[in-house]
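Read top to bottom, the protein sequences are chains A and B.
Numbering follows our numbering, in which position 202 of the first sequence is assigned residue number 202; successive positions increment by one, without gaps.
Numbering follows our numbering, in which position 258 of the second sequence is assigned residue number 1258; successive positions increment by one, without gaps.
Just so you know, these hints were derived from the structure itself, not from any lab.
You may find that some hints are simply not true.
What the hints assert, rightly or not - Sample of chain B residues facing chain A (criterion: CB under 7 Å; computed from the structure):
#	residue
1	Met1036
2	Gly1037
3	Leu1117
4	Asn1119
5	Leu1124
Claimed, not checked - Here are the simulated distance ranges between beta carbons:
#	chain 1	residue 1	chain 2	residue 2	range
6	A	Gly244	B	Leu1277	28 to 36 Å
7	B	Leu1011	A	Ile57	51 to 59 Å
8	A	Met22	B	Trp1116	48 to 56 Å
Stated by the list, open to error - Quick look at which bits of chain B chain A covers, simulated, 3 or more residues with Cβ under 8 Å:
#	stretch
9	1227-1240
10	1247-1254
Here the structure is a predicted model, which means the values were calculated and not measured.
A virtual CB, placed ideally from N, CA and C, is assigned to each residue, including glycine.
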Amino acid sequence: MSHNRLIGGLLLATVALPAPVMAETFSLWVRADGSNFMPQIVEAFNAQSEHSAELQIVPTAELVQKYAIASAGGSAPDALSLDLIYTPAFGAAGQLRDLTEFAQDLDYFDSLSPAHLSVGTVEDRIYGLPFSADSSVLIWNKDLYREAGLDPDVAPTTWAEIREHAEAIDALGEETYGFYFSGACGGCNIFTFMPMVWASGGELFSSDGSEARFDSPQMREGVEFYRAMVEDGLVPAGSQTDGGINFFAAFANGNIGITPSGAFAIGALNTQYPDLDYGVSYLPGKDGAWSSFAGGDNFVVSAATDDDKMPAIEAFIEFAYSLEGQRLLAAGGALPVRSDIAEEALEGLDPRYILAADAMTNGRTPFSPVFNDLINSANGPWITTLNRAFYGTADEVGETLAQGEAEMQSIIDDAN
Amino acid sequence: MIGLLYVAPALALVAVFFAIPLGMTIWMSLHDWPLMGQKRWVGFANYERMWGDSGFWGALSFTGTYTVAVTIGLLGLGMILALMVERPGRATAFYRTAYFLPVVIGFASASLLWAWLSNVDSGLFSPLMQNLGLTERRVNINADYGLAFWSVNVMVVWKMVGFFMVILMSGLQSIPRDYLEAARIDGAGALQRFRFITMPLVRRPFALALILCVSGSMLAFDQFYIILNGGPQNSTITAVYWIFNESFVSFRLGYGAALSVVLLGILLVLSAIQLRLLRDREDGS
Chain A
1 MSHNRLIGGL LLATVALPAP VMAETFSLWV RADGSNFMPQ IVEAFNAQSE HSAELQIVPT
61 AELVQKYAIA SAGGSAPDAL SLDLIYTPAF GAAGQLRDLT EFAQDLDYFD SLSPAHLSVG
121 TVEDRIYGLP FSADSSVLIW NKDLYREAGL DPDVAPTTWA EIREHAEAID ALGEETYGFY
181 FSGACGGCNI FTFMPMVWAS GGELFSSDGS EARFDSPQMR EGVEFYRAMV EDGLVPAGSQ
241 TDGGINFFAA FANGNIGITP SGAFAIGALN TQYPDLDYGV SYLPGKDGAW SSFAGGDNFV
301 VSAATDDDKM PAIEAFIEFA YSLEGQRLLA AGGALPVRSD IAEEALEGLD PRYILAADAM
361 TNGRTPFSPV FNDLINSANG PWITTLNRAF YGTADEVGET LAQGEAEMQS IIDDAN
Chain B
1001 MIGLLYVAPA LALVAVFFAI PLGMTIWMSL HDWPLMGQKR WVGFANYERM WGDSGFWGAL
1061 SFTGTYTVAV TIGLLGLGMI LALMVERPGR ATAFYRTAYF LPVVIGFASA SLLWAWLSNV
1121 DSGLFSPLMQ NLGLTERRVN INADYGLAFW SVNVMVVWKM VGFFMVILMS GLQSIPRDYL
1181 EAARIDGAGA LQRFRFITMP LVRRPFALAL ILCVSGSMLA FDQFYIILNG GPQNSTITAV
1241 YWIFNESFVS FRLGYGAALS VVLLGILLVL SAIQLRLLRD REDGS
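Generate coordinates for the entire structure from the input sequences, incorporating the hints supplied.
Have a look at this one:
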């Protein structure tokens, strides 16, 4: 009797069980900048899913080349977390898989970072989904503010105030400087200098990216603001040749009053320089207002990826978008990309992240398929022009910017 | 037949590591070949485009200037050092080792070291010069074309001179002592012995050193990329740096390949000229 029931129960169980899901493994790349959060997310995903991800960390500066070579050789990773500014170039080259349907079926699609999606969308098809975020912010050294007799809890909100505070801090001594920026680093300046121009009403490109607007009154004023601080010795001499190596380290040394930086600095300062007392605020425009560069990574899938692997990849994306995934992301120093649960994900973390996350929601990302040529290249027109103008004389600024605009335009035209 | 079999491994190596890559490069140079996406046959369009590419010719002319400067430094100092350590004497082994030591450092590591030493805020040179009273304030070496150029030249000479010293030293050691003694007995002074005995007899190793030095310098990249990022104001971009930018920053592999082919041609011509100028008299001339 009991025997029969057991068999019946077994039969029932067999019938009731869903068809077994094929466990799939997919390969995933991330740039080295993501090594603080990606391994944790992958580990947590592998621990609880029947699928698994195989993570490879690639040096940041080599990711594009490595991907292109792997792709040409048929060994591209199934998915990768890609610096969002490259999404248009990758998408336009037919390297990426269309994720539109999957993305639009997500319940929380509307709360995903709009800046990420704007560069992840090419001709109305979505190729890149927001994965991690990093916004640009202004940071200041509270200890130096106290020493200089300034209120350490009040951030400068206009360019004039930045200048005023920088002067007070610079007066503290020979080895103390008011302000710092990496004057030979294209990526650093699009991230931190451009938002101050945006906040003042300036633009770099026309909305479709086909026209360069480098030489605008707002840009001239912004350049002059930096240039005058350089001329008056408020900025260390090394900034002129800093291609980005000291972008973070200069402020961390503790002898710089104010520097435009990014949300990434919050995590890095807290773990590596726990004794440095600093504040985080918005990047101001000339007379107030503020803006930010919405940076970070888009999650993309290679065009050649096998259909069988898609369930595993989709499961991974959904896990990354869960509260647990967003928390792991935030704990690793990146900002959440889902605004509806951002606050929850940041709970218990440094409150300065909240401001950076807020900066993100109003952040902008310039769109250009030749972004690398124009902006990121150490020899491109953006940084070459800025460098000449920042460290030149006042009467040359206009001419230098006009020349830079022409160079940019010719590169844009060349690509079309 | 058997002979062909014996050289087959060598032929295979040459094919795999030279002929095929060279053929590929030439093939690529005839295409519009983006880093990602579809390639397209364009014939000689890349080569035509090169005529109007002032950036490339500027880079090539800078590379030429650098090659002349650094070759004079390397071979001049290399010869002086070789003369100093040629004969066994007290501590000769020590000096030979000391001069040769930097050669075993990689170019990238040496450049990184130099980048730090020449940093105006946290490096060595600028604060040192200021403290010694040579300059009134700290000078940013890397922000001035002249200073940056010579700074890199000094680095390269420091790093590579030991290598050329060894080549020239082996040449000097192969000169029979009798010649020099005979000249001395005939009353030739030190300078005359150098000019009329040593110089002509060291010709062959010198030609080798010259060709290695010129072709190495024409291909310079790491030091300018790492220390200067091609700055100040893109004034120190070498030919290879330009090719790198075209290929991996602008993603135009086909055009980069065309530039590489042209650079290869220039190097071949330069090497042929040097070999001709320095060939031994007895081979007829």
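Residue hint B:Gly1037, partner chain A, criterion CB-CB below 7 Å | Constraint on B:Gly1037 satisfied, holds at 4 Å.
Are B:Asn1119 and chain A close enough, Cβ to Cβ, to be under 7 Å, as the hint says?
-> holds (6 Å)
Falls inside 28 to 36 Å, the C-beta gap from A:Gly244 to B:Leu1277?
-> Taking Cβ atoms as reference, A:Gly244 and B:Leu1277 lie about 45 Å apart, which means the hint is violated.
Could you say whether the range 51 to 59 Å given as a hint is met by the Cβ separation of B:Leu1011 and A:Ile57?
-> 40 Å Cβ-Cβ, so the 51 to 59 Å window is violated.
With a cut-off of 7 Å, does the beta carbon of B:Met1036 approach a beta carbon of chain A closely enough for the hint to hold?
-> holds (4 Å)
Are 3 or more residues of the stretch 1247-1254 of chain B near chain A, judged by a Cβ distance of less than 8 Å?
-> With 4 residues close enough to chain A, the hint holds.
Should the interface hint for B:Leu1124 be scored as holding, given a Cβ-Cβ cut-off of 7 Å against chain A?
-> Check failed: Cβ of B:Leu1124 comes no nearer than 13 Å to chain A, outside 7 Å.
Residue count check for the stretch 1227-1240 of chain B against chain A: does it reach three with CB-CB under 8 Å?
-> holds (count 8)
Hint status (Cβ of B:Leu1117 to nearest Cβ of chain A, threshold 7 Å) | violated (13 Å)
Measuring from beta carbon to beta carbon, are A:Met22 and B:Trp1116 in 48 to 56 Å?
-> Holds - the Cβ-Cβ distance for A:Met22 and B:Trp1116, about 53 Å, lies within 48 to 56 Å.
When each numbered hint is compared with the structure, violations occur for hints 3, 5, 6 and 7.
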